[in-house]
Structure formats: C-alpha cells, structure tokens
Amino acid sequence: MENVLEIKSLRKEYKGFELNDVSFQLPYGCIMGLIGPNGAGKTTIIKLLMNLIKKKSGEIKLFEKDNLKNEIEVKERIGFVYDTNYFYENLSLEKMKNIIAPFYKQWDDEQFYKYIKMFELPLKKKIKTLSRGMHTKYACAIALSHNAELIILDEPTSGLDPVFRREFLEILSEIIQDKKKSIIFSTHITTDLERIADYITFIKNGNIIFSDTKDNILGNWAIVKGAKEELNEITKTVLKGIRNNDHGFEGLVADRKIAEKTFSNKAAIEKATLEDIMFFIVKGENHV
Amino acid sequence: MFKILNLNLKHLIKFIPLIFALSVLSYFYRYFRIFIFLIPWILIISFIKKDAQNKINVLFCSLPLKRNKIVQGTYLSAFVYNVISTIYSAFIYYVIYNNGINSFNLTDVLYNVFLPIILTLALLLPLHFKFGFNLDIENMRLTSIFIIIPVSICLLFLFIYPLCSTEDFALIAIIKENLYTFNLIALILFYLSMQLSETLYKTREF
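For the record, the sequence lines run as chains A and B. Just so you know, the first sequence maps onto residues 1 to 288 in my numbering. Just so you know, the second sequence maps onto residues 1 to 206 in my numbering.
No lab work stands behind these hints, which were simulated from the structure alone. Among the clues, some could well be false.
[Said to hold, decoys possible] Cβ-Cβ distance ranges computed for the label pairs, FRET-style: (1) 28(B) - 147(A): 52 to 62 Å; (2) 92(A) - 107(B): 39 to 49 Å; (3) 54(A) - 15(B): 29 to 39 Å; (4) 84(B) - 92(A): 20 to 30 Å; (5) 199(B) - 216(A): 39 to 49 Å; (6) 64(B) - 174(A): 33 to 43 Å; (7) 117(A) - 180(B): 56 to 66 Å; (8) 107(B) - 89(A): 33 to 43 Å; (9) 14(A) - 14(B): 34 to 44 Å; (10) 117(A) - 14(B): 27 to 37 Å; (11) 21(A) - 64(B): 27 to 37 Å; (12) 257(A) - 131(B): 22 to 32 Å; (13) 194(A) - 15(B): 49 to 59 Å; (14) 196(B) - 117(A): 43 to 53 Å.
[To be verified] The list that follows gives simulated cross-link-like pairs (lysine-lysine, DSS-like), each with its CA atoms no further than 25 Å apart: (15) 202(B) - 61(A); (16) 95(A) - 3(B); (17) 125(A) - 66(B); (18) 202(B) - 126(A); (19) 114(A) - 125(A); (20) 61(A) - 14(B); (21) 69(B) - 54(A); (22) 130(B) - 65(A); (23) 180(A) - 54(A); (24) 3(B) - 66(B); (25) 54(A) - 66(B); (26) 10(B) - 125(A); (27) 14(B) - 126(A); (28) 55(B) - 128(A); (29) 54(A) - 55(B); (30) 69(A) - 3(B); (31) 15(A) - 202(B); (32) 128(A) - 3(B); (33) 15(A) - 130(B); (34) 130(B) - 124(A); (35) 202(B) - 105(A); (36) 69(A) - 202(B); (37) 95(A) - 14(B); (38) 105(A) - 55(B); (39) 65(A) - 202(B); (40) 61(A) - 3(B).
Don't be surprised by glycine CBs; every beta carbon is placed ideally from N, CA and C.
Produce the complete structure using the sequences and hints provided.
Okay, structure coming up:
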C-alpha cells in the first residue's frame, strides 16, 4: 500500500529536547493518532511536517514527495488545525475566510458554509469572541474546505465538550470514508483514538515507542496481574512497566503470547487499553 | 506576493475615517497640521503591528505559499503604503500650504515623509521577520527597539529639522541638497533589507 506520509530517521534538536530518529508511515485513507505525554514531541513532528521548524536530518515524504522540495504542491493538499489561535483576532469569521480562500486553488465555498452550518458558528462574530471549542471548529471548517487529502490536527479535541467531541470524531471518520483522505492527529485523550484511529504512534521523550495498527496494538499489548512472588529477573525483562500494590503487581507486556509463556497460569493476563499502555510506559518504569 | 499586498491594502481601508477626520482638523486648526506627517507613521506602525500581534505568521507559513513570497509581499505592501502616504501628505500639504503665502514644495514631502519612512522600514522589517513584533510585557526589550527606532528617526526628520537652520545642521543641508540621491540610496537599502529579511525568515522557526 502506498503511503500518504513517510518519515525516515527524522531528527530535531532543541535545548533540553531531542527528536531521535523518528520513523513511521501512514497509508492512504487511514487515520493516525499521535499520542504521548506533554513535551514528548508530538507538536514538533507536526511542525516539521508543515515546515514551521527546520529538521536537523532525516526525510519527510508527503504524498510520496519531499515536503520541502514540493512545499507548495504538498501544502495545497493539506488541511491543518493547530492548538493555538493563528487568525486575525479582530476579523469576523467570514472576513478571515475571505483572506485564506484565495491562497488555495481548490477552495470550496459551498463546503465551507456547510461546515459553518454544521458546527453552528457565528459568521459575523469576531474571532476573538470565540471560545476554545468554537475556535477549533472554525479552524476545522477552514481545513476541510479546500479538498485537502491529508488533514493534520494538533490536539483538536482538547477544548471541545464531550458531545461535540464525539460528533467531531464521527465527522473525521466520515471524511475518510471515500479512502482518498487521510488524517493525522495528536491527542492526550486515548479514548478518541480507540474510537477512530487506524494507526497509533506513541512518542515519549522524542522517541517512537511504537507505531502500528490499532488492532495489532490492542491485540498484542496486555496487562499482567499477579502475586509479588512471580516477579523475578526473568519475568521483569518481559514487563515494560510495573506497578506494585498491596495485592501484588500489575505490569504491561508488549507481546501477549510471550507473557502467556513466561507466566503460564500464575498470573492473570488482561486486555490493555491505550490508557493503560500510555500510563505504564510513562509512569510504570518509575514505580518498579 | 500580490495576495499579501491585496490583504494589506484592505487593512488600510480601516484608517480612512481617522485620516479624513485628522485632515479636516489640520485644515482648520494649524496645530493639527503635524498630522499630515504623522498619519503615515500611524499607518506604517499599524501595518507592522497587525501581523505581529497575532500568530498570523504560523498561518501564512502553513498555507501553500513560499516564505520569500511572504517577505516580498510585505515589502511591496510597505512600499505601497509609503507611496500612498506620500501622495496623501503631498495632497494635504498642497491644499493647506499652497495659499499664496507659502508654496507647495515636493522636496519637503519627500524629506519629511518618504525618506524617513523608507529608512525606518528598511531597519524595522528585518527585525520583524527575525523576531516578530510583539507588544507583550515579556518582549519589552524587543518592543522598545521597534518603538525607539521609528520614533528617533521621526523626531530627527520631523522635529529637529525645522528647529535647525540648514547652516547649523550640515547633515540636513547635505541630505536636502541631494534629496533624490538620498531617496535612491534609501530605496537600495530597502531592497537590501528585503534580501536580508528573506534570509532571516527562511530559517525562522515557529
């Protein structure tokens, strides 16, 4: 399958932060969720995709083309939503749209007004009067109105109320129905990913912990619960993160089959949610 | 590039009522005549401020638009702003001063409006493209650069000049005698400043 996004050995350095040899890919027509704790590098990756910051080394291919050499062509096909306000605050929603629209060859006014109606946005109001959620909705309406083939969203659901968040995720699922569009979005909210993502990429401290299909991740990763006596040097090597409690221990394993072999019947092996995985990877090691 | 120009010219429309009001006042009350030369500064400062207060650069850099076109568009807009300001000042100056007692003098307009503004822009815009122009308290030091430079140049050209006779202030005499050459030099500096801004903006991170 061809990839809409392909990142190879991507590196970026800041003071006190380093993005290390990041590599992953996203096939056409899929939704990828980027998860990780704050400061993990999610926004950095998104900024690198959009050429808002300069990479140290590595390769980014969007639509099978280098994102820097074909910058204009690539950006024409991308819709973006960031988590900060990047519009003129004193303009109305409609005026701001009038500024952005001429930059896109394929701008579709009809589509824009459809989304404005769907999101119940006040066209005549100034952007500074919008709430965080409404602002995200507006940014989405802009991103979805020029027939973009790849939608990049940075924390789009964080300011939304639960009802609209669910609605919004449904809209995202609808967008990719024709298999022509793809979506990559970063989030803290793991349940969003469980609902709609096809691929999940987990980043921690600038390193990719895993990047795989959701089904593989949820199928392979598991939580092991057992008595403290079961913890020894061999079993510890299998566990990615361990938490001790009064009753015994809980640990995360990357491969359910290996865990079944290692612990045989001496520990309970349960399905891991994305939240479990994130929690154990981020916090688990500190509790060993 | 022209889309950016178009965008910035639309911004200018907002100032028409203010300009009109000040023009009428300056016609009837002589103390308001200073606005003939101050209005161009109001326009230019508002022009730079507009892009800097918002994170609009993040938007522009995400649109299908090359960064050097953003810089060129801004410089072109600034130049057009300056030309409009100069024509406006010349017109008002002509209406007010060409009354038989004083006579209209294009040199004064070029000296008081076009030259100082183009020089200020040549100095300010590279800073704008490198750092942005933010009126936050945290960026006070940067803000002071943005305020001090235009205000100093403005004072030099606008207020010190009329106070000094040409004999007392040799530099002004030289500039005034070679006004067209100095305007040309200022334009070359403006162009070089654009080249510098393009380089600075290319590597700027958001």
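Hints, one by one, checked against the model:
{"no.": "1", "hint": "28(B) - 147(A): 52 to 62 Å", "verdict": "holds (56 Å)"}
{"no.": "2", "hint": "92(A) - 107(B): 39 to 49 Å", "verdict": "holds (44 Å)"}
{"no.": "3", "hint": "54(A) - 15(B): 29 to 39 Å", "verdict": "holds (37 Å)"}
{"no.": "4", "hint": "84(B) - 92(A): 20 to 30 Å", "verdict": "holds (25 Å)"}
{"no.": "5", "hint": "199(B) - 216(A): 39 to 49 Å", "verdict": "holds (46 Å)"}
{"no.": "6", "hint": "64(B) - 174(A): 33 to 43 Å", "verdict": "violated (25 Å)"}
{"no.": "7", "hint": "117(A) - 180(B): 56 to 66 Å", "verdict": "holds (58 Å)"}
{"no.": "8", "hint": "107(B) - 89(A): 33 to 43 Å", "verdict": "holds (42 Å)"}
{"no.": "9", "hint": "14(A) - 14(B): 34 to 44 Å", "verdict": "holds (39 Å)"}
{"no.": "10", "hint": "117(A) - 14(B): 27 to 37 Å", "verdict": "holds (29 Å)"}
{"no.": "11", "hint": "21(A) - 64(B): 27 to 37 Å", "verdict": "holds (29 Å)"}
{"no.": "12", "hint": "257(A) - 131(B): 22 to 32 Å", "verdict": "violated (55 Å)"}
{"no.": "13", "hint": "194(A) - 15(B): 49 to 59 Å", "verdict": "holds (53 Å)"}
{"no.": "14", "hint": "196(B) - 117(A): 43 to 53 Å", "verdict": "holds (46 Å)"}
{"no.": "15", "hint": "202(B) - 61(A)", "verdict": "holds (20 Å)"}
{"no.": "16", "hint": "95(A) - 3(B)", "verdict": "holds (15 Å)"}
{"no.": "17", "hint": "125(A) - 66(B)", "verdict": "violated (31 Å)"}
{"no.": "18", "hint": "202(B) - 126(A)", "verdict": "violated (31 Å)"}
{"no.": "19", "hint": "114(A) - 125(A)", "verdict": "holds (17 Å)"}
{"no.": "20", "hint": "61(A) - 14(B)", "verdict": "violated (43 Å)"}
{"no.": "21", "hint": "69(B) - 54(A)", "verdict": "holds (18 Å)"}
{"no.": "22", "hint": "130(B) - 65(A)", "verdict": "violated (29 Å)"}
{"no.": "23", "hint": "180(A) - 54(A)", "verdict": "violated (29 Å)"}
{"no.": "24", "hint": "3(B) - 66(B)", "verdict": "holds (12 Å)"}
{"no.": "25", "hint": "54(A) - 66(B)", "verdict": "holds (15 Å)"}
{"no.": "26", "hint": "10(B) - 125(A)", "verdict": "holds (19 Å)"}
{"no.": "27", "hint": "14(B) - 126(A)", "verdict": "holds (15 Å)"}
{"no.": "28", "hint": "55(B) - 128(A)", "verdict": "holds (13 Å)"}
{"no.": "29", "hint": "54(A) - 55(B)", "verdict": "holds (18 Å)"}
{"no.": "30", "hint": "69(A) - 3(B)", "verdict": "holds (22 Å)"}
{"no.": "31", "hint": "15(A) - 202(B)", "verdict": "holds (21 Å)"}
{"no.": "32", "hint": "128(A) - 3(B)", "verdict": "holds (24 Å)"}
{"no.": "33", "hint": "15(A) - 130(B)", "verdict": "holds (19 Å)"}
{"no.": "34", "hint": "130(B) - 124(A)", "verdict": "violated (34 Å)"}
{"no.": "35", "hint": "202(B) - 105(A)", "verdict": "holds (24 Å)"}
{"no.": "36", "hint": "69(A) - 202(B)", "verdict": "holds (14 Å)"}
{"no.": "37", "hint": "95(A) - 14(B)", "verdict": "holds (14 Å)"}
{"no.": "38", "hint": "105(A) - 55(B)", "verdict": "holds (24 Å)"}
{"no.": "39", "hint": "65(A) - 202(B)", "verdict": "holds (21 Å)"}
{"no.": "40", "hint": "61(A) - 3(B)", "verdict": "violated (28 Å)"}
In summary, the numbered hints that this structure violates are 6, 12, 17, 18, 20, 22, 23, 34, 40.
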